[in-house]
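Chemist: This is what each chain is made of:
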Amino acid sequence: MNGYVYYPGCSLKSNSKHYEESILPVFKEIGLPLEELDDWNCCGATAYFSVDDGMAAAICGRNLSIAEKLSKDIVAPCAGCFLTLKKSNKFLLGGSEKARRILSALEKSGCAYHGGVEVKHPLQILTSDGRLEKIKAKTVRPLSGLKVACYYGCQLVRPFTDFDDPDYPMSLDRLMAAVGAEPVEYSAKTRCCGGSLTGTIEEVGLRLNYILLKEAKRRGADVISTICPLCQFNLEILQDKMIKKYKDEVKMPVLYFSQIVGLALGIPKEDLGFARSIIDLRPLWKKIDKGGRK
Amino acid sequence: MEIVRKVKYEEELDTAFVDLIKTMSGDNEIDHCIQCGTCSSSCPMSVYMDFPPRKIIAMVKNGFKEEALRSFTIWLCPSCYTCQVRCPAKIKITDVMYALKRVAIQEGVYPARFSIPVLDREMSRLIASNGRNSELRLILRLYLKSKKPLALLKMAPLGLKLMKTGRMSLKKERIKNKKQLRTLLDALKEGA
Chain B
1 MNGYVYYPGC SLKSNSKHYE ESILPVFKEI GLPLEELDDW NCCGATAYFS VDDGMAAAIC
61 GRNLSIAEKL SKDIVAPCAG CFLTLKKSNK FLLGGSEKAR RILSALEKSG CAYHGGVEVK
121 HPLQILTSDG RLEKIKAKTV RPLSGLKVAC YYGCQLVRPF TDFDDPDYPM SLDRLMAAVG
181 AEPVEYSAKT RCCGGSLTGT IEEVGLRLNY ILLKEAKRRG ADVISTICPL CQFNLEILQD
241 KMIKKYKDEV KMPVLYFSQI VGLALGIPKE DLGFARSIID LRPLWKKIDK GGRK
Chain S
1001 MEIVRKVKYE EELDTAFVDL IKTMSGDNEI DHCIQCGTCS SSCPMSVYMD FPPRKIIAMV
1061 KNGFKEEALR SFTIWLCPSC YTCQVRCPAK IKITDVMYAL KRVAIQEGVY PARFSIPVLD
1121 REMSRLIASN GRNSELRLIL RLYLKSKKPL ALLKMAPLGL KLMKTGRMSL KKERIKNKKQ
1181 LRTLLDALKE GA
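Going down the list, the protein sequences come from chains B and S. So the first sequence is residues 1 to 294, counted in my numbering. So the second sequence is residues 1001 to 1192, counted in my numbering.
FYI, nobody ran anything at the bench for these hints, they're computed from the structure. On a predicted model such as this, the values are computed, not experimentally measured, just so you know. Heads up, a few of these hints could be off.
Partial pick of chain B residues on the chain S-facing surface, computed with a CB cut under 7 Å [unchecked claim]:
(1) GLY44
(2) ALA47
(3) CYS154
(4) CYS192
(5) THR200
For the chain B half of the interface with chain S, some residues (derived, Cβ under 8 Å), not all of them [said to hold, decoys possible]:
(6) VAL51
(7) ARG101
(8) ILE102
(9) LYS108
(10) SER109
(11) CYS111
(12) HIS114
(13) THR139
(14) VAL140
(15) GLY194
(16) GLY195
(17) SER196
(18) GLY199
Even glycine gets a Cβ: it sits at the ideal position worked out from N, Cα and C.
Sequences and hints are given; from them, build the entire structure.
Modeler: Below, the structure written as structure tokens:
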């Protein structure tokens, strides 16, 4: 396919606007400006697959079909969208009776899909095909001294393991190092944040996220760098409750990796959605401003 | 003390259940489970589960249909796929959990008013009719249908923070071509 088209999904248009606000300028800066997929529909996430997997794959097929008409591959920043679209893509091309039925329904409704689209995560794109070196060269504001816990969560690296290791991936660590930051050893990097559990059974969600924050603190991180809206949301919004419940001062900024990269590339911080952080970022700015300029 | 028998005799088991789950999940390896427990020890949720994943797999394999479908385990699975990538027998454990959720919803045997299946159903409904999820609507439906309206009030401070940072959309999200989505889902229903 010829270039990429951007699939936002529901989160990047609501609670994770700062992900969109940072990923788009970063891609522009490295020479891959992104257009939004026209009239995209929600991927269905884990919910639709729990109710009806045929319908779930079909609605993903509609998105794939729109991208195919443009001859573009999809870039999906939300790890949930990334996995759901990728999984459906694989299923639709698997040749099963059920897949054939869905493909025929897609055709009947004017969104035929022939299997020509690849689904990629922006981290994958930024760390392959020589782009890591390009980012390193373009770094005008190296984030030296900034200790980063790189958190991958679950669905970016599992169950498909074709882009990084499912247990101890390193692509985000390499990207953070490329912009001058210092990735810390973070053994919880692919431990699940619980996804929507924070909204359904808060107590459990609280504990899962506390484990992740505590480990980042213990490793001396100044900030957690995330690649998924649900992880970012869970890790950030529950901090006050965690501090109260576990009597442990685990407060820490949780930023999108694209915000951190954007900063290093010299994009003004006002244009990277930092104002949407619920956690006070002033201690972080102090630390970053101490870092040098190239 | 009442004597309770948890193990079943052969004639009480649903021996066709494992085949149904194989078809629905796309897993073909479940028969090869060696009960090593790698799944249970890898699972971030197993401490909260009534049956850890290892037991669920054994239950499916051996026809304990009711017990598997009524368990909290299947809903607590956040589909992080850790068990699935680590399973030495290459069983698609997460996909088996998904299949169990679907059967439980079809047969209406999930725990009453339990918030997780409610969320799954409400989100799917929103997407099927509008093509997009609207977060605020989803949250409202979740709390009303799982009969926890009071808990909603406790969410207010968080809601305010999100609103202040422009991270909560109040509008009803929808796609332009809703007709196409309708045709697609109808065509699929007909073909089924």
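Chemist: In ascending order, which of the hints set out earlier in this document are inconsistent with the structure?
Modeler: 12, 13 and 14
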